[in-house]
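Assemble the whole structure, with the sequences as input and the hints as a guide.
Top to bottom, those sequences are chains A and B. Under our numbering, the first residue of the first sequence carries the number 1, and numbering increases by one thereafter. Under our numbering, the first residue of the second sequence carries the number 361, and numbering increases by one thereafter.
Bear in mind the hints are in silico, worked out from the structure with no lab data behind them. Treat the hints with caution; some may be incorrect.
[Said to hold, decoys possible] Per the computed footprint, the stretches of chain A lying under chain B, defined by three or more beta-carbons under 8 Å from a beta-carbon of chain B, are: (1) 95-105; (2) 206-218.
[Said to hold, decoys possible] Computed, partial: chain B to chain A, Cβ under 7 Å: (3) Asp-536; (4) Glu-539; (5) Phe-544; (6) Gly-545; (7) Leu-549; (8) Pro-558.
Note that beta-carbon positions come from the ideal geometry of N, C-alpha and C, so glycine has one too.
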Amino acid sequence: MADIQISNLVKTYPGGSERATDDVSLSIQDGEFTVLLGPSGCGKTTLLRMIAGLELPDSGSISIGGRDVTYLPPNKRNLSMVFQSYAVFPHRKVRYNIGFGLRMAKMPADEIERKVRWAADLLQLSPYLDRLPANLSGGQRQRVAVARAIVMDADVLLMDEPLSNLDALLRLTFRSELKKIVQDLGTTTVYVTHDQSEALSLGDQVAIMRKGRIAQLGDPLDVYDAPADRFVGGFIGSPPMNFMDAAVSHDGGTLMLGEQQLMAPSILRSFAGKDVLLGVRAENVTVSNQRSSGDVAATVLVVEPMGSTILLTVEVDGHTLKVQAPPTFKTAPHQTIWLGFAPNTMRVYDRETSMALEAK
Amino acid sequence: MSTTVDTTPIARQKRNRFLLQAACIAVSLFMLIPIYLISLAALSTRDSLNKFPLSLLPTDLSVETLNAFLGSTGIFGALGNSLIVGLGTLLLAALIGVPAGYALARYSFRGKDPYQLFLLFTRALPIVVLSVPLARLFLTVDIYDTTYAVILLHTALALPTTILISASVFLSVPVDVEEAARLFGCSPLGAFGRVVLPMALPGLAAASIFTFVMSWNEVLGASILTLDHRTLPAQVLSSLSDSPLAYRFAGGFALVIPSIIFIALMRRYLTNMWGSTIR
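Okay, here's the thing in structure tokens:
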């Protein structure tokens, strides 16, 4: 177990003009579960591969447990990894696959056997130890890959989208199982995913990446509640955060949404008269058929019952919003409904830079 | 109300399956009948070959003809030479060709495409055109009329296919698996030996069958480069015109059998090695 310090990491792939990672610095505490989250091509996998030693950076440094590993080969870093494609060895039985790293580390045979049994037990692979991977299902192969990684007692556990090849139901069950296993191990973990729900559910801290840079780093709730910019808000959450153009009134007390008025959050006192971007999450908007004071009128476009809630697509002042209503809520397209916004759940962003506005 | 079921799609499927079977049988017969006939002739007595009508069933088998063939001068040595050349070529071609194929599959380097094209040039030249200058060269370095000379020629001929086949074989081994081996403690060479090579073995076996059979059957270059240390086909060819019919059949039989045995031995590497074919 060890901490990871990444500083100013730059990587450009040969033949590529854009930087895959652009001066990335990241600090990961001992035992922390860090998720690298972002759309494809954002550099998250490149960053993970550089920690693994499978790619070498152009400049910058990586140190694990205080030891500089920037240009060390992968087998000298004391890591283990779970690959997206499982990457189990097809020509060897499950038993050999799980014990592979231990065998390479020249551990005594009885010790290997003991650890393989422990991992197989943990991941419910015991009946399959003498099978070849070809005779396992996808989910079982992924379990083999995880077992192979956790027997290692490595300093750092790396995971590259380990759940993305599983079907939806299996992904959900294995996700919580994985979380428990990693929690019990207490190993420092770096986990790459493009699935925001995975990131929020697994991570101690989440690094949202975009175009080779870290757009926001924080614990999952922070990242969800207070996205640092429009990109993060639009990427995290399902449905994503709603954004509307708004203007702060001259006294800073109200927000103008076209012709309609809203109570402004207190931080906007210092931005009186400014044009801003208002961000609000679907579940923070109350929906009603009757008008109460401070409400905003909206026209219903689409009604989608989701079981536990109803997802409404509505229009306010030319902006399309997604809001949630209780399952008992009755409405239909073209009807007018009333939306209530709580000032403390509103986030405001600079319209030019898309960055969150902080109270001055 | 009962609906009439249209069975034409199933009937068509049945017919197609039947036609496929028929085609397979036709192709197999095309390959097998000559082998059967030559085996029959080689295993018949000299007298029964001259009988009319010729019996198409193995009625009187004997090893007399074959014994006479194997007993004639030079044949036994030539058989040995052929084996040495075939296996030597296989080994040398694998030693050079497999790493080259690996490099083609895993690394991008300047001149990769021209290199691949250039590889095929060796096969573009007729063997005679290659062999005559080679014979001169081998005379000056004093390896003319040795099995080494033939091995070198055959390796040159086999390398393009060995390299290109093994490159495509290595392409089919996922990079992830190799990276996983590296991450779990293997050196680059260790990852290759423990993981990549075993996974590539079926494909490489196919390439080596190709090499061996090519070397076993190659006659022109071997005839030009050797006098006393001929390979079997070269030996048979040189004595073919002035030998009895039985000798020719026995010679043909001796040429066919070893490559069939070799293919049979390697076959299991070609298909189902680990319960599933390689991707």
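Hinted contact Gly-545 (chain B) with chain A - closest CB pair below 7 Å:
Holds: closest Cβ of chain A sits about 3 Å from Gly-545 (chain B), inside 7 Å.
Once the shortest beta carbon distance from Pro-558 (chain B) to chain A is found, is it less than 7 Å?
Because about 5 Å separates Pro-558 (chain B) from the closest Cβ in chain A, which is inside the 7 Å limit, the hint holds.
Under 7 Å is the threshold here; is the Cβ of Leu-549 (chain B) close enough to any Cβ of chain A for the hint to stand?
For Leu-549 (chain B), the interface hint is violated, since the closest Cβ of chain A sits about 11 Å away, which is over 7 Å.
Residue hint Phe-544 (chain B), partner chain A, criterion CB-CB below 7 Å:
Holds: closest Cβ of chain A sits about 4 Å from Phe-544 (chain B), inside 7 Å.
Can you tell me if the stretch 206-218 of chain A counts as covered by chain B, using C-beta to C-beta distances under 8 Å and a minimum of three residues?
Violated - the stretch 206-218 of chain A has 0 residues with a Cβ nearer than 8 Å to chain B, which falls short of three.
Holds or violated: the hint that Asp-536 (chain B) contacts chain A, with Cβ atoms closer than 7 Å.
holds (4 Å)
Outcome, coverage hint (the stretch 95-105 of chain A, chain B; C-beta under 8 Å; three residues)
holds (count 4)
Hint status (Cβ of Glu-539 (chain B) to nearest Cβ of chain A, threshold 7 Å):
At 5 Å from the nearest chain A Cβ, Glu-539 (chain B) passes the 7 Å test, so the hint holds.
Checked against the numbered hints given earlier, this structure breaks hints 2, 7; the rest are met.
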